[in-house]
Amino acid sequence: MTIFIVSVLAFLVPYITEGDPVRAIIRSRVAELAIDQETVDRLRISLGLDRPLVVQYMGWLKNAVEGDFGYSYMSRQPVAGLIGRAFLISLTLASSALIFAFLVSIPLGTIAALREGKLADNIVIFVTQCFVAAPEYWLAPVGILIFALYLGWLPSAGWRDMSSMILPSLVLSLRPMAYFTRVMRAAMIDVLRAPYLVAARSRGLSVVQAIARHGLRNSISPVITVFAMWMASLLGGSLIVEVIFSIPGTGRLMYDAVVGRDIPLMQGSFVCLVGLAVIITTVTDVVYVLLNPTVRLAHGR
Amino acid sequence: MAASQASVRAAMSHLPSEAARVPSVLLVLVRFVRTRHWVMWLGVVIIGTIVIALVAAPWVSPYDPAAQNLLQRLQPPSAAHWFGTDHLGRDAFSRMLFGGRFSVTVAFATVMLSVSIGVLAGILSARQGGLLDEIIMRIVDFLLSFPEIIVAMFLVAVLGPGYATAVVAITMCGWAPFARLARGLTLEINARDYVRAAEILGCTRRFIIFRHIIPNAIRPIAAMGFLRFGHMLITVGGLSFLGLGVQPPNADWASMLAQSMDYVERAPLLVVMPGLALFVTALSVTWIGQGLELRGKSE
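Respectively, the protein sequence lines represent chains H and P. First residue of the first sequence? That's 1 in the numbering used here, and the numbers climb one at a time after it. First residue of the second sequence? That's 1001 in the numbering used here, and the numbers climb one at a time after it.
Because the hints were derived from the structure by calculation, they are not lab data. A few of these clues could be false.
Quick list of the computed label-pair ranges, beta carbon to beta carbon [claimed, not checked]:
{"#": "1", "chain 1": "H", "residue 1": "Val287", "chain 2": "P", "residue 2": "Val1168", "range": "17 to 23 Å"}
{"#": "2", "chain 1": "P", "residue 1": "Thr1105", "chain 2": "H", "residue 2": "Ile123", "range": "30 to 36 Å"}
{"#": "3", "chain 1": "H", "residue 1": "Thr92", "chain 2": "P", "residue 2": "Leu1159", "range": "29 to 35 Å"}
{"#": "4", "chain 1": "P", "residue 1": "Ile1218", "chain 2": "H", "residue 2": "Lys118", "range": "37 to 43 Å"}
{"#": "5", "chain 1": "H", "residue 1": "Ala186", "chain 2": "P", "residue 2": "Ala1056", "range": "28 to 34 Å"}
Only a predicted model underlies this, so the values are computations on that prediction, with no experimental measurement involved. For each residue, glycine too, the CB sits at the ideal point set by N, CA and C.
Please work from the sequences and hints to get the whole structure.
Written out as structure tokens, the structure reads:
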């Protein structure tokens, strides 16, 4: 249902935008001056843009269900292929950033929870606030400046090998890291007060043992939920980092589509991204239930 | 109510009655300052300084922010140009002062708009229930799970880039968390006895909302507003950075940063300073929100 409404929206949005798409295509390929009205009309008919919108929508929807989103106006390649390629790149970028953020935030959140209200906790809170308040489009150029231009350790842009992935992933990971840490801290504080942990401690387990056996498993599941939400949003939302580091991911693709008024590309990428967000949210709910036997049992009965 | 007034009177009875009146204003002020967390005051002081500097920009700034001097391009910082000059020889410090006016006002407008729409939608959703509640919450869930910069970008494509568009585009997703918070708070307040009493007395819905629900929900919402301000500031800046927000010849901090990206090696300060300004502004407002929240919990 959601996907249907969004597909209508995605289909219509480019048509509301100002400017004749046919002229935009021509402008993107040749100088506009040389084009007469007849050529414009011919191109319009060949693209099927002269038909009524509803007919266009039905045709587009039928093809889209079969995985065919038409051809990009700008590069003349099939939209599905472009999206697929960009998607893989964005997926790599987002998952490396998020996994790094996850690995750092779990111990960080645990330490903050154990030292609740003390100096270590306040330092962690302060650091997470800094991570949230620092714009990506500031961290990225500063990172390039330090690691690429001054130190020369990492390449400043592009998407070729492992080393070119490090800086963008790092920049992208800070904000989710802050949110993961906060969620982890809150969850761990709850767990530390829970009766089963007190019981574990009274059985003679050390704090470390008790957390390793009982604490982590119970406090990680909310982090997983947040992880999935970030996954969904980073697959398109890493746009700014992708533009700065010239990484050909989905965000970059959509940006180019919007700037170049490439209608099939805009429609296709928008629908794919929304579909993906819906799928990820659903999968998260399932995983959440799998990790949490209490939820599963409550629903099973 | 009467009991608390009586206790206040009893507590003040040992003071001379005429003298008590004058310092009581001061006393209230002192108590107001002391009961807030110091983190909040740190935020207030920093953001206050920034806002004063931005308001006073036309009188404080040493140069015209748009005045070009191509003979003095990309100058390093000096006594004449505190932050140096940009690629067109414009004074970076003056441009920062004027650019901040756009950044902060756009972010402020976005937060205010998001809060108003979100709170209205949330309260309506909670009080009305049923189908409307279902629809509003579905929209909120969808907006929360979707990258807002993409939605904003599409809206900008529809409406054309600009100052006002940026506000509308970010508000489009920005109201959702406020709606969810307001809905939760309303459901909780709704269950309290005084709302029941008001309903039994036959008060109108509007009266209950404005008299009981909004005053009781306002503090958590304000705290969240402060906490979201930094996020809005940065997201609006993101649009500007991509060239979809504030348009030249005007510039905000993010678009200044974007323009200076190509010269980052020759004049790193031109990139570092606008970003730092965004960072400090966002952080100080976050502290205000945190201070409010801390106090809310200790009560």
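Here is what the structure says about each hint:
A hinted range of 17 to 23 Å is violated for the C-beta pair Val287 (chain H) and Val1168 (chain P), which are about 36 Å apart. Between Thr1105 (chain P) and Ile123 (chain H) the C-beta distance comes to about 33 Å, which sits within the given range of 30 to 36 Å. In this structure the hint that Thr92 (chain H) and Leu1159 (chain P) lie 29 to 35 Å apart at CB holds, the actual value being about 33 Å. Ile1218 (chain P) and Lys118 (chain H) have their C-beta atoms about 32 Å apart, which leaves the hinted 37 to 43 Å range violated.
A hinted range of 28 to 34 Å for the beta carbons of Ala186 (chain H) and Ala1056 (chain P) is inconsistent with their spacing of about 41 Å.
Violation of the numbered hints given earlier is confined to hints 1, 4 and 5; the remaining hints are satisfied by the structure.
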